[in-house]
Amino acid sequence: MATVIFSSELQRLTGEERTEVAAKTYRELLDQVTARYPSLDRQELMGMAVAIDGEIIHDPLLETVRPASEVHFLYRISGG
Amino acid sequence: MSEARDFKYVGTRSIRPDGFDKVTGRANYGADLSLPGMIWAKILRSPHAHAKIKKLDTSRAEAHPGVMAVATFQDFPSVSHEAIEAGEAALDLLDLARNILAKDKVLYDGHAVCAVAARTEAIAEEALALIDVEYEVLPHVMDVRDAMKPDAPVLHDDMFTAGLPEAPTTASNIATRMELKKGDIEAGFAAADLIVEREFYTPTVHQGYIEPHACTVRYTEDGTSMVWCCTQGHFDVRAATARLLKMDLSRLKVIASEIGGGFGAKTTVYLEPVALILSRKTGRPVKMVMDRSEVFRGSGPGSATRSKVKIGVKKDGTFTAMQAKLCYEAGAFKGSPMGPGCMTVFTPYDIENAYVEGYDVVVNKPKVAAYRAPGAPQSEFAAEMVINDIARQLKMDPIELRLKNAAKEGTQTLYGPKLRPVGLIECLEAVRNSEHYKTALKANQGRGLAAGFWFNVGGQSSVTLNMNPDGTATLVEGSPDIGGSRASMQLMAAETLQIPAEKITPIVADTEMLAYNGTTGGSRTTFATGMAVVEAAQDVISQMKERAAAVWNVTAEQVDYADGAAINTAGDGRLTVAEICAGADRTGGQISGRGNINARGAGPSFAVHLADIEIDPETGHSKVLRYTACQDAGKAIHPSYVEGQYQGGAAQGIGWALNEEYIYNKDGILENPGFLDYRIPLASDLPMINAIIVEVPNSFHPFGVRGVGETGIVPPLAAVATAVEEAAGIKVTDLPLSPPRVLKAIQEQSNG
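Chains A and B are the protein sequences, given in the same order. According to this note's numbering, the first sequence is numbered sequentially starting from 86. According to this note's numbering, the second sequence is numbered sequentially starting from 486.
Quick caveat, the hints were computed from the structure, so don't treat them as lab data. Any given hint might turn out to be false.
List time: in silico DSBU-like cross-link candidates among lysine-lysine, alpha-carbon distance up to 35 angstroms [claimed, not checked]:
1. Lys-109(A) x Lys-634(B)
2. Lys-109(A) x Lys-540(B)
3. Lys-793(B) x Lys-810(B)
4. Lys-634(B) x Lys-1108(B)
5. Lys-903(B) x Lys-109(A)
6. Lys-903(B) x Lys-927(B)
7. Lys-810(B) x Lys-800(B)
8. Lys-634(B) x Lys-1151(B)
9. Lys-588(B) x Lys-540(B)
The shape of chain B in the complex, shown without the other chains (with noise of 0.2 angstroms):
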């Protein structure tokens, strides 16, 4: 679609489908199935940060009359370095093992060595004192910087740093080395009338989200076997398991709970193929569920990063080259958002002369996992940072500076392609226009602003449509609801169909109910499986005028369709949509709609942000005042929910530039892990957050969807460290911008 449309259910705020049984706790989650017979389990853990395991002894964990079985990594069938598709991303089948269930060594401090299972959880958390593990500790690496000098103690042996113009022959903690070049970058900064260049650190995060992993599982020898779980993502689960356990697709059924936040941690597996492994072994349901410290401890965080930023540029404020080198903590094992890092940073600008280089490295921390548009808060937090530097030292509005070189239609990335019709500008502006950037501050605040780019995914989607007898709809999707997309997929259908949104009930099906689904991530799902949802639909009218055609004895092109019902052109006549499925058993039994898609076009998606601070010098303490997030949506099929993703996104991002951090101490354990000590932001601890929906359609969805769930995140770490550093007068490194550092920081500038 190119130009607005009027609709009639799209854009609008309808209760969303699942909301009543979430306010009256009826909705089930992870941890919330139960089966007869069922039994628990519990992981064992490193209490070290790097340690081969010289000896695993689990024979008096066995003999406890409580216990029925143990699994460890041998219990996984043969398992080798092989790429997998599994998830967002390729995998890598041993590390996926080997982080699940340690191999030989422990690589992080909650690293899982072993699994128990006994008959109540009790007596599986007292099991596990009873294995014995001999440890021999060795030396441990925690910091990117640290990592990647050449006499770090080295994660894997066998581990060779890919993209390198030759092939090393020795093992490193570097795994990947990626550059991307545009122009000529020495060209571009002797163009220059002032260069700034600054380095930054940000550290390792949660998502944050609320509920903890957790899962229920049934293994049949002879049937099919059944994972119940809280996940983005039941097929790729499935995937992962059947591969790791060797299990065909058909034989495992996964159904995705509920789910209590995920923000891209939720698209890997942890426990579930130890579930299985210890189901199999006895013969029962077993249930597993991880603790807070678990989670923290054992699944994967978002990246830490070091990154220095150089960008020259002329006195008009007409950027003339941009300079990045990036390098990104993967935890235990490869696989860091560093491409998607590299690949973001420019992206808002147009920009002749670009040199980026990124680096993927190992450390003893947990194997991250994706976090909301992985890899682009840390990288574009440098660069944003360095712009603003930029706005001040050339006395410009931080605005009028990036219009001058915002990406527009036509910009040629730095990644590659260029850009089809994007938001940016459109952005900027409604941010300048904004009453809340005309607001003056007083002393001690602060403002800053920045911008956030994220591609967007499209994918594979499958959804199926029921038409029942009555009229109504069964919405069948694959895609498991993280932000309230079944609402918007029941509002396409109904634009799509023309009836009430009421009429259609969406469902998130199992595995076994339909063809594949991609992982809810990416910011795929109201693009892509709404596409999915808009075909389905259209294979609806295409039988309901067949239908239509059939009681009227006329072709099925003499048929039209509008406001929810048939119209006979060649004659006098009009069908409901509830008349015609009435008959339906008459023209050739029921309808029901098909919509399998690998989609494509997904569309771009930025965002400019504005944050007031203020700060108490007496304690380092920096409260939000005021929150403006704009972001284009191409179209807001549900406006309520597109603006909870923008403020869910600003409230993850002010938590991560004032207070979250992993904190270890030097024996590479964690201290903080729980939310008493990690502290993401309270609903108390926020201002309202103003969001403001800018839509430039996107041509290649029926509706206009770009995805709104990530770009949102990008801004806020530079949007608030601005502001702290005006409101401070101070310049800042690292994140998290936490009282004590910010203090420091006031203190040392008073003193010179």
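Bound-form chain A, shown alone (with noise of 0.2 angstroms):
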């Protein structure tokens, strides 16, 4: 089970601080994550990065996830 951990922000809207998924790629993720806590906009997920076992990924729609990996919703980074 792969563990998404919640922002103080998201974790207003999930009650929760981490929640645990069987989901093999980021988008079956995002369905189980936005279906357990409906408050969650699943577009401002989508807009959102993700830190999957600590690499960031701005677009991270096609990524896989392991069943040991850890999610961590992110703003994305811009830079100057």
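Two chains, each in its own frame: build the complex with the hints.
So, in structure tokens, the structure goes:
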């Protein structure tokens, strides 16, 4: 089971700091998380970057997730 | 890659391919293009910090015989609040339009009101005086602290604070509040033996690029319109301009000129859409060039901040809790770098309990733009100052204190993920081992050390590598070169193809020649475009192996590639790149490789800087005696340009610490819009900055690259300010540490 860890801002919507999902892809993960927490907006989540096992990915839709993966939703980071 | 490798071309100090044009004056910058029939346009700018536009009458200007057209906000096709991906981050389309040409209010001194196109630049300038604007001056607010007060003048009636538990019902200057939490902050402070809390101010600062914003455009009704401009991202200029003017992307070609500095500031649009509107109206090419005053008043500076940082620590130096409140000025429209400021503030440290709250606040100043590691220098300045204060109070060496708490592989960051291998400890150790750190100081001299962190990003890059019949190659990339990146691309292609770097000519192509490329920013180019270059070169190798196989009548699997040649493993035979390319017409046509990627796995970069300052107690002047900038590059593809990035970041950070600030009068009018009164460091102000390159490879890049362009501006603010504290015996709260401010602090200190 991959572990999804929510930021303090998202915890306001989930009421929980983390959850476990049986997902093999990011798309499945998104399906399960938004089904479990209806107050999470799928479109907003898709606009965020994610970190999967420490690797920050801006456009993760096609990413795979391992059973031991740790997944964080992040603000998209730009730079100067 | 995970292990150190030997390279033939990567890591060498080759001659930059764009250098000769630049030193001989042949390079063409934003203002260098003129076209037949071209006319000029100038912008009328607000003389008020905040005012309603009651009447805007352009009739007298339009009646001038030399004036050809006028543009106002009304010339934009209908725009509304909608997010657009047109740069490094999402922009609000209406805010972008209202910043380019004011709608019904002006929101800062210098805000563009309308534009006039005329036969000559002089006539355009003269005609600005013929535009009649009636303003109703409104109360203004210039400081983030004042703007957050409930009774502050509100800039936007339709802006309500996002990020609050309950949706607010009244408009506010606070666009967004965010918070980050980890562990139990109260328990962390309860476990501390010492708690240090301090407040700081950092001013509005300019990125200090020498080349002003400039463009030449030509609108074409039935073909492709053209924009030539100085930008860090011509594909995103195209995206923003096309969206504002409701054009198809394929009908707009944007060409990036050479660029005379950007540092984040040239990642949005100011002039280009206006010039295209005027070109459409007149049927003429239109040129616009900001003067220096317009650059200061009308384009985007770096954000001013007020911050409070509180850190708890045990007697042995272990941090137990870190807390920050970070308030960022966005300028007139929402969108300061508050988010990354919050995310970076404590990242150099492995801390169990942390809490950060951030505010993005509008004030009557120009809308801020990115500035090198946007948001991080301000927040990390505050954190590093408190950490140095702790070292002083605990009588600990500042490097030992940091080593005790340093972030490393596996550290859970406050913003979420665990760090992969990073080089902070290596940087701290390299500085500790430096001769600089071991050198004694004299009277009135002080030393300051600070660490810094920046994420770095990846993103989209598209590259083609066209092989020529003589075995040379043209490397076509779409990332404007703001720091020597063409040389790095050349070296990475050479390393992959195993042919000499000078056989490869890198060019930055326009938006018609390649698929989309993200803006050069976020320290992404050597990392992401470099990966695309490697992919394109590998594509070429694969094709060359097939061609050689055809010549030898073997399968491609029976062909190896090494040292710039295909080798027949099924028999005798070796064909060099030049031989394969010379015969390409007979083996299937010319060879061209492609690399179109959305790069992931950018490696964060840490830096540690060390500054020695001597104070003149009679004048308060700070002299930078010696400076060392150490940073983890992952792998330095071209060490000279990596060192240049470290030195450039340090120089800008030193200026930020010592002299640079936008000075507004009581009416909110900028009083120092020029380089005489806005004092950036000159070569004569700085010693040679010693650059130390640490290399902890980023496993996601074929050569181990991390970005290096931004982190170098993060540590100098605290390194310099701490050195000033040590040298002058004062306590720093506000930047810049200009001579009058330091002198006043010295005098107050001696008066008790």
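Structure-based check of all given hints:
no. : hint                     : result
1   : Lys-109(A) x Lys-634(B)  : violated (48 angstroms)
2   : Lys-109(A) x Lys-540(B)  : violated (61 angstroms)
3   : Lys-793(B) x Lys-810(B)  : holds (5 angstroms)
4   : Lys-634(B) x Lys-1108(B) : violated (38 angstroms)
5   : Lys-903(B) x Lys-109(A)  : holds (21 angstroms)
6   : Lys-903(B) x Lys-927(B)  : violated (43 angstroms)
7   : Lys-810(B) x Lys-800(B)  : holds (25 angstroms)
8   : Lys-634(B) x Lys-1151(B) : holds (18 angstroms)
9   : Lys-588(B) x Lys-540(B)  : holds (11 angstroms)
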